[in-house]
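Asks: Here are the chains, one letter per residue:
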Amino acid sequence: MLYDVIIIGAGVSGSAIARELSRYEVNVCVLEKCEDVCEGTSKANSAIVHAGFDAAAGSLMAKLNVRGNEMMDDLCRDLDIPFKRNGSMVVCIHKEALSGLQDLYDRGIKNGVKDMRILTREEALELEPNLSDNVEGALLAPTGGIICPFKLNIAMAENANVNGVDFRFNTKVEDIVKDEEGLWHIRTNNGEYVTRYVVNAAGVYSGVIHNMVSKDDDKIEIIPRRGDYCLLDKEVGTHVSHTIFPQPTNLGKGVLVSPTVHGNLIVGPTAIDIDDKEGTNTTADGIGDLIAKANDHVKNLPMRKVITSFAGLRAHAARHEFIIGEVDGAPHFIDCAAIESPGLTSSPAIGEMVGNMLKDMMGLSKKANWISTRKDVMNPADLSVEERNELIKKNPAYGNIICRCESISEGEILDAIHRPLGARSLDGVKRRTRAGMGRCQAGFCSPKTMEILHRELGLPYEEITKSGGRSNIVMERTKNQKGGNN
Amino acid sequence: MTNYDIVIVGGGPAGLAAAVSARNAGVEKILILERDKELGGILNQCIHNGFGLHTFKEELTGPEYAYRFIEKVLDAKIEYKLNTMVMDISEDRVVTAMSREDGMYQIKAGAVILAMGCRERPRGALNIPGYRPAGIFSAGTAQRLVNIEGYMPGREVVILGSGDIGLIMARRMTLEGAKVKVVAELMPYSGGLKRNIVQCLDDFGIPLKLSHTVVDIEGKEHLTAVTIAEVDNHGKPIPGTEERYTCDTLLLSCGLIPENELSRNAGVTMSPITSGPVVNESLETNIPGVFACGNVLHVHDLVDYVSEEADRAGKNAAKFIKGELSDGSSEEIEIVATEGARYTVPSTINVDRMDDKLTVRFRVGAVYKDSYVSVYFDDERVMHNKKRIMAPGEMEQIILLKDKLTEKPGLKKITVKIEEE
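Those protein sequences? They're chains A and B, same order as listed.
Those letters in the first sequence? Residues 1 to 486, per the numbering used here, in order.
Those letters in the second sequence? Residues 487 to 907, per the numbering used here, in order.
Think of the hints as simulated: they come from the structure by calculation, not from any bench.
Note that the structure is predicted; figures quoted are calculated from it, not measured.
A virtual CB, placed ideally from N, CA and C, is assigned to each residue, including glycine.
Hints are supplied without guarantee of correctness; some may be wrong.
Stretch-level coverage of chain B by chain A, calculated; a stretch enters the list once three of its residues show a Cβ under 8 Å from a Cβ in chain A [unchecked claim]: (1) 579 to 587; (2) 624 to 631; (3) 768 to 776; (4) 821 to 834; (5) 864 to 872.
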């Protein structure tokens with residue numbers, strides 16, 4: 001089949017572009033090397049909707065950050081996902097650095113960030129009593145927010161899929177060539193795909209994909225910049241209410257401390273440039289470093305309440321600027337590369353920008369019956385007891401709690417499995433429902449979730465994975481079950 | 487809203503024994519709420535033997551031990567509901583529960599017995615660096631997979647932590663044909679019972695490395711290797727001591743945490759040491775009519791002690807609903823654990839309310855050889871018992887006699903400590 005557009009990568013950028021394109025009469029397919037959407041940079045980040053005062057004035061990054069931030073309320077309402085404008089606060093702990101807050105404020109004004117204020121020490125402490133005793137002042141940006149990165153990514157992909165976009169998982173791009181007619185042939189481990197246009201939204205691999213088609217003097221190097229994080233128990237999720245940043249450095253926005261939209265506390269990230277594009281291992285030094293840095297601007301951090309730690313990779317390019325546009329000498333090949341922070345925030349605006357670009361290039365017309373909204377997996381905890389009983393009467397699975405920590409029922413898990421682009425692994429279920437994301441970290445629910453995946457998808461136990469590939473949970477039957485001698 | 491005299495949250499060994507004893511004390515309307523599909527709790531996956539030596543004077547497997555109590559519950563026609571999750575317990579003892587069949591409903595309880603047990607400390611809480619691949623399990627989750635579901639997680643195993651479940655699983659995985667390469671324990675002593683170290687590790691030639699921890703986890707999709715290293719006195723890895731083990735399975739047995747989310751929401755006061763409720767001599771929490779027993783109260787070493795404790799909780803809850811648990815006109819005596827003793831259960835005594843004999847259980851914070859368990863009534867030492875060995879993995883106990891306490895009117899404080907001489 002000949003596609004009009006193939007998007008490489010089902011992260012938050014690729015999915016946002018897919019959703020934008022799904023408004024038009026156009027055949028679109030997304031190729032993803034992993035078994036699910038949201039498997040790379042999009043799944044392991046700070047989960048912050050940045051206000052937009054950080055990026056250099058006049059940069060594409062600044063423009064898309066502020067635009068993405070503006071779009072977030074409507075988008076999250078349409079896609080039924082949680083988003084909260086809790087406000088960001090950049091904390092200054094050295095008197096001599098106070099002018100830096102003013103610089104950030106000025107840059108924010110140039111970037112179009114609304115409602116910012118510079119706070120005195122007293123004002124800052126009144127809003128956040130757990131700030132460091134050394135706080136000298138702070139920049140408050142009320143438009144900063146917190147979001148669930150999984151849900152944003154999944155919702156955009158799901159909505160694109162409902163509107164006709166194909167997704168091919170476990171499909172890794174190996175080579176891209178152009179034929180005489182100007183069509184792109186994309187060779188993958190799952191056969192060849194032919195398309196008129198290509199969008200490169202491959203995250204830390206966007207350089208590799210770009211370099212398959214670009215001229216010799218136009219190569220991109222994406223440096224995986226690793227960031228370690230700690231996630232803390234909901235018990236301490238209100239230690240701060242705003243997202244607390246230190247003052248930025250040339251390595252980025254620094255180690256933040258923030259509530260998450262689900263009520264946990266997140267601390268991170270560190271910033272270490274590495275070679276391995278899959279190098280998402282945490283290190284003792286990294287975790288030690290982030291705790292030390294977080295303690296500089298937030299006091300009494302309850303680090304004993306860590307429930308998990310993880311690392312994510314930013315798709316960093318030396319210029320520290322998004323690379324979006326047609327590749328020189330490769331007509332109809334659009335880069336969406338080097339999408340590092342604030343990529344999550346910018347994603348709706350990236351989708352809009354690339355969507356508009358392709359609409360103009362291809363002369364696309366709007367679909368008559370585009371579906372703009374979707375419903376998330378429901379959260380029965382939001383219902384009244386009467387409503388909940390009504391629901392359980394109709395579908396008893398909602399009465400069967402599978403994940404005790406997050407109070408997730410079988411009904412929610414069934415929904416996650418059977419909806420468009422549904423979950424096929426423990427992590428897939430986890431990112432769609434939060435089952436396994438609580439304080440026991442799936443110790444209790446994973447055997448139960450495996451049983452549901454086995455039953456609903458007809459998967460043998462040995463083929464049930466944590467997150468696709470070779471991440472199977474069990475290896476074989478016990479002797480007794482195999483019928484051997486014990 | 488339906489009414490019950492006693493609602494018991496959890497149908498494991500603690501809940502079952504509490505139910506039986508409350509019924510024996512004459513309580514009619516008792517309801518056990520159990521979230522799993524059968525009664526017995528975690529004992530159902532403990533298919534090894536060694537249970538019941540104290541209670542029944544014979545060696546039973548976990549399911550056999552559980553069944554002794556399940557039979558009594560069935561014989562006494564005590565009501566129970568399976569596949570039922572308790573969602574909330576209020577301060578005025580309204581229990582909100584949910585199941586497929588009954589939806590969400592509320593029960594007004596004359597008394598509540600908390601018997602929810604405990605859970606395992608997960609990898610995340612241990613801050614072990616490295617990748618996050620498949621193949622890492624808490625020992626109890628692996629035990630469930632092997633013994634209940636009938637599946638093997640892998641063939642080459644490393645175990646971090648020497649808690650009893652980890653030790654039991656070292657033997658279990660070996661019997662299933664897996665190679666258990668090493669058990670690493672952060673502390674300079676084991677967290678498990680001596681008999682488990684002998685029967686589950688020594689007998690199979692599995693090395694136990696004390697003062698060692700995991701410092702790296704390899705494998706992007708599935709676990710391929712772990713590195714362990716020796717730690718110094720502060721638990722920090724010593725550079726140069728690293729040893730790498732290829733493996734496909736890492737089991738964690740690094741401590742158990744009483745499962746008290748419901749208790750906390752109800753307003754029950756918690757002990758920071760045990761992570762369980764603070765209780766008095768009647769095993770009653772700060773909320774009148776709410777009792778606790780078993781691993782939700784403090785993590786036990788032997789189920790026999792769970793049953794014994796639950797028996798007392800059941801009796802006292804029965805007294806409470808019959809109005810026989812006196813208000814206690816005498817002053818509350820505080821029990822203080824110090825100098826080697828980490829905590830005591832109970833932590834207060836009201837002499838009016840105590841039985842003739844009261845068992846006070848505690849754990850020590852380090853290994854003690856040829857030392858004494860000393861008990862002081864205010865400043866006067868009244869007990870000085872020599873013990874050949876005491877270790878954090880095994881519970882200790884003292885027995886207080888009501889007679890002795892009534893002889894000391896005005897007694898404010900009982901101190902339990904470990905003394906070298």
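Asks: Tell me if chain A covers the stretch 624 to 631 of chain B under the three-residue, 8 Å CB rule, please?
Replies: holds (count 5)
Asks: Examine the stretch 821 to 834 of chain B for residues whose CB is less than 8 Å from any CB of chain A, and state whether their number is three or more.
Replies: violated (count 0)
Asks: If you look at each residue in the stretch 768 to 776 of chain B, do at least three have a Cβ nearer than 8 Å to any Cβ of chain A?
Replies: Answer violated; 0 residues pass the 8 Å Cβ test.
Asks: Do three or more residues from the stretch 864 to 872 of chain B put their C-beta atoms closer than 8 Å to C-beta atoms of chain A?
Replies: With 0 residues close enough to chain A, the hint is violated.
Asks: Please verify the coverage claim for the stretch 579 to 587 of chain B: does it have three or more residues whose C-beta sits within 8 Å of some C-beta in chain A?
Replies: holds (count 4)
Hints 3, 4 and 5 from the list above are not met by this structure, while the remaining hints are.
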